[in-house]
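Input sequences plus hints: build the corresponding full structure.
For our numbering, count along the sequence shown from 1 and bump the result up by 1.
Don't take each hint at face value.
To be verified - Computed spacing ranges between beta-carbons, pair by pair:
| hint | residue 1 | residue 2 | range |
| --- | --- | --- | --- |
| 1 | A332 | S212 | 23 to 33 Å |
| 2 | M185 | R344 | 13 to 23 Å |
| 3 | L203 | R286 | 39 to 49 Å |
| 4 | E178 | R344 | 19 to 29 Å |
| 5 | E280 | G174 | 30 to 40 Å |
| 6 | G215 | H335 | 36 to 46 Å |
| 7 | T207 | V282 | 13 to 23 Å |
| 8 | L341 | R271 | 37 to 47 Å |
Keep in mind the hints are simulated off the structure, nothing from the lab. Don't be surprised by glycine CBs; every beta carbon is placed ideally from N, CA and C.
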Amino acid sequence: MTAPPPVAASAPGSAIAPLASPAERYRMLRLIRGFEELALGLVKAGAIPGGIHPYIGQEAVAVGVCSALGPADRLTSTHRGHGHVLARGAAPHRLLAELAGRVDGLNSGRGGSMHAADLSLGILGANGIVGAGAPIAVGAAWALKHQEHGEGSADGDGGVAVAFFGDGALNQGVLLESLNLAAMWRLPVVFVCENNGYATTLPAATAVAGSANGRAAAFGIPAEQVDGMDTEAVRAAAVRAVEWARSGGGPGFLECRTYRYEGHHTMERRMKLRYRTPEEVTAWRERDPLPRAAALLDPGEAAALDHAVAEQLAAAEEFALASAHPDPAGALDHLYADGLRPRAGVTP
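This is the structure in structure tokens:
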């Protein structure tokens, strides 16, 4: 019996995204926005099965945080994770193919929207379980700290792990356990709460006692609240938190106050839920992170970047829709790990 091909651990075209300049950060904001708008159209057309959780409006958080990371760093994402994955540098044509469930996707079409990963970039996976990326990031941070023969690397030399999660995760026990372990072991991990004000349709103000940063303070973790609609403000706060973690200070925590312009899930369009007023959405649209970032550039430069992104996304759509669907005969492949070796000192 021939072994099935491995699910891709890396994707051709993927590389750590250059986000050092305002122009590069604006380009990524535009790429994420355009990607999500394209994905919404493909969901409506039936090319992306099951729907998606759009990231439109929250782009400044992904770009600002990822611009503070280095090549050795790791991240875990959420069910609303396309922005994180793209901002880290995943190839948009491979991510779009993944959303469409095609064999040329980041993970051969087996991860889909909520479980896309690219290990070559340190993207340990988006996650459909609320808060579930936090313990994975803590484990990655522990490994980074002990990566050399079980010994901690010198302060300032090791990698940092970042865990993205939403305000709906603030009451999840697994997040609190992760905060506790990270603080106890002084791990190089940064917890990033994307507080968009709603857990599905439940307002955070009616669900969260205390505050997001108060959760971190209870464990002695330094925390900062930042305007999540301002890419440069998020970047500055993320640089401080990452440098603190990388230098051996231990974990950090950021609460990014942001907003999603679309529904929690594309199913909302069909369900016609009404839990936000038009006035509220309009007020937040006036704080759109893209025009704010574009204002830092020459108008001609911003227009050229818009055009380049549009061409890139058109090519991504062509690539994704031309990719083959998986063979149903391989549906059970990759369900179980094989060829694993126990760590030294562990009885097999």
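Worksheet item: For this structure, which hints from the list above don't hold up?
Response: 1 and 3
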